[in-house]
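S.K.: Listed in order, the protein sequences are those of chains A and B. Oh and the first sequence: position 274 is 274 in the working numbering, straight run, nothing missing. Oh and the second sequence: position 143 is 143 in the working numbering, straight run, nothing missing.
Worth flagging that the hints you see were computed from the coordinates, not collected in a lab. Ideal placement from N, C-alpha and C gives every residue a C-beta, glycine not left out. Be aware that a few hints might be false.
[To be verified] To spell it out: a stretch of chain B is covered by chain A in this simulated footprint if at least three of its residues, at any positions, have a beta carbon under 8 Å from a beta carbon of chain A; those stretches are:
#	region
1	5-18
2	118-126
3	220-231
4	236-243
5	268-279
[Said to hold, decoys possible] Covered by chain A, per the in silico footprint, the following chain B stretches (three or more residues, Cβ under 8 Å):
#	region
6	93-101
7	104-110
8	249-257
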Amino acid sequence: MGAAARAFEHRVARLGGGAFLFFSAIFFLLPLYVMIVTSLKPMDEIRGGHLLSLPLAPGLAAWREAWSEACTGVACEGIGGGFLNSVRIAVPSTLIAVALGALNGYALSFWRSRWTGWVFGVLLAGAFIPLQVMIYPLVRLTANLGLFGTLPGIVLVHVIFSMPVMTLLFRNYYRSLPRELFLAARIDGGGFLGIFLHLALPMSLPMIAVASILQVTGVWNDYLLGLVFAGRENLPMTVQLNNVINTTTGVRLYNVHMAATLLTSLVPLAVYFLSGRWFVRGIATGAVKG
Amino acid sequence: MTARAAWRRFAPHLALAPMLGVALVAYLGSTLWTLAVSFTPSRSFPVAGFAGLAAYERLFSNARWLLSLENLALYGLLFVAAALVLGVALALAVDRVARGASALRTIFLYPYAMSFIATGLVWQWLLNPGIGIQEAVRQWGVAGFVFDWIVDPDRVVYTLVLATAWQAAGLVMVIALAGLRNVDPEIRKAARLDGIPAWRTTVSIVLPMIGPALATALLLLLASTVKLYDAVVAMTQGGPGTASEVPAKFIMDHLFGRANIALASAGSIVLLLTVAALLAPVMIARAHGRSRLGGR
């Protein structure tokens with residue numbers, strides 16, 4: 001092949017790649033665009049038109065209605081209450097899961113004993129067991145403990161199901177640190193908890209950030225566990241959102257519904273856009289299991 | 001042994017106790033419990049008694065369950081293929097971009113930060129023939145344009161593929177990009193000097209090199225295939241009719257709506273066996289590949 005032909009081929013390949021990226025970007029951004037413009041339109045503008053057109057008279061009325069007036073089943077109090085419920089669920093679930101994950105990962109990396117490998121194997125396999133297999137027994141268990149349908153109940157369930165990934169994140173992280181550091185601390189008379197609190201934890205601040213990001217978005221986006229375990233008073237935002245939209249009879253208020261969907265996605269999207277590389281790192285490390 | 005030394009030996013075990021409890025009670029215990037219930041004649045409440053494989057027989061003569069399995073197989077095949085191909089293509093394209101790679105990555109990955117509920121809802125609207133893409137194209141002047149898969153029982157599964165592949169492709173891209181970072185750019189240069197076309201280098205050299213990363217992506221996609229539930233609830237509620245029913249939804253409906261616990265338990269055990277059958281080969285291949293490469 002001549003140099004000219006090669007250069008031509010190279011340019012075609014670059015053009016093709018550029019076009020592919022351009023159309024992919026449109027495909028990926030389309031849903032976000034549609035939600036934003038529709039949430040800014042009044043209903044009569046949506047009725048005659050379609051979802052892709054730009055709003056003629058943008059306004060925030062639909063956002064206000066979604067937050068405080070939209071009907072979920074019988075009550076019409078908006079999904080603002082769901083936002084608070086999601087916060088009340090996500091904050092303790094994240095704090096406890098990350099703390100336990102760090103402690104477990106630390107114990108598994110530096111204080112190995114014979115049977116921990118087996119326990120860890122069961123835990124890892126647990127990450128792949130479909131939730132449906134474990135849900136009903138856990139309903140009975142939490143009911144017997146008096147926790148079914150309560151805030152502590154849903155937090156407990158979230159902590160249980162996030163334990164494999166959290167443990168794994170920290171175990172892999174601690175294994176990547178120089179082992180001599182911890183052996184030296186042990187020779188200096190450091191105890192199990194002392195070394196954890198004064199050496200391991202401060203060194204794992206980056207992993208604490210990554211794990212928290214993963215856990216907050218995971219818990220916030222959960223639907224299934226919230227639906228089953230949270231109870232009427234504590235339904236998270238995702239469950240209320242689905243109730244608002246899929247139990248509606250009569251006129252469908254698309255602008256309010258899309259505003260509600262955006263409100264529900266606000267926290268994970270904000271976490272994603274603000275944390276950027278940390279989020280990516282979280283998935284990359286979380287993904288590489290074992 | 002002094003009390004202090006005893007404590008030092010005891011403390012790690014105490015710290016691991018919550019994990020031990022979770023692993024044994026929550027995971028192993030509940031799975032065994034579900035297995036046991038699937039052999040009982042339980043309906044609204046779990047009862048003792050042995051009914052043999054009666055629940056499994058009822059399950060596999062249930063038309064809705066069989067349709068769910070069929071849908072899951074079709075969905076899984078298309079979803080995994082679509083997410084893998086799109087994700088890898090995006091990674092290859094983004095990897096060669098000189099400027100703006102980080103902005104592009106942000107655009108392709110943001111859907112992964114959204115819940116399946118939000119994903120399902122927004123695609124339900126986009127695919128709604130009356131207001132979504134079909135109506136938009138018609139109002140732009142293509143009068144007879146038809147894109148109504150979501151209300152077509154024969155095509156509704158494709159819409160689930162579309163929405164969830166949109167959500168998951170960014171994840172594959174990120175994992176593939178991490179793999180591509182380890183591919184020496186000199187390899188491409190050397191191949192080009194030898195007159196080997198770029199696509200040939202990609203297919204025969206670069207893709208095999210990121211094989212382990214792709215196996216990880218495949219593992220995650222397979223795991224999320226079997227879990228498919230939220231997106232269906234938000235997008236189609238299993239409809240039109242029962243055309244987009246999936247096993248996870250069948251189980252949830254029979255556990256909580258239709259109060260048929262033995263049937264639901266049998267369904268979840270079948271689902272668990274499916275997961276094991278799907279993931280075991282991939283995991284074994286990964287472990288094999290790793291030992292062959294002399295890794296950990």
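S.K.: Does each hint hold? Answer for all of them.
M.R.: Results for each hint:
no., hint, in the structure
1, 5-18, "holds (count 8)"
2, 118-126, "holds (count 7)"
3, 220-231, "holds (count 6)"
4, 236-243, "violated (count 1)"
5, 268-279, "holds (count 6)"
6, 93-101, "holds (count 4)"
7, 104-110, "holds (count 7)"
8, 249-257, "holds (count 4)"
In this structure, the one hint that does not hold is number 4.
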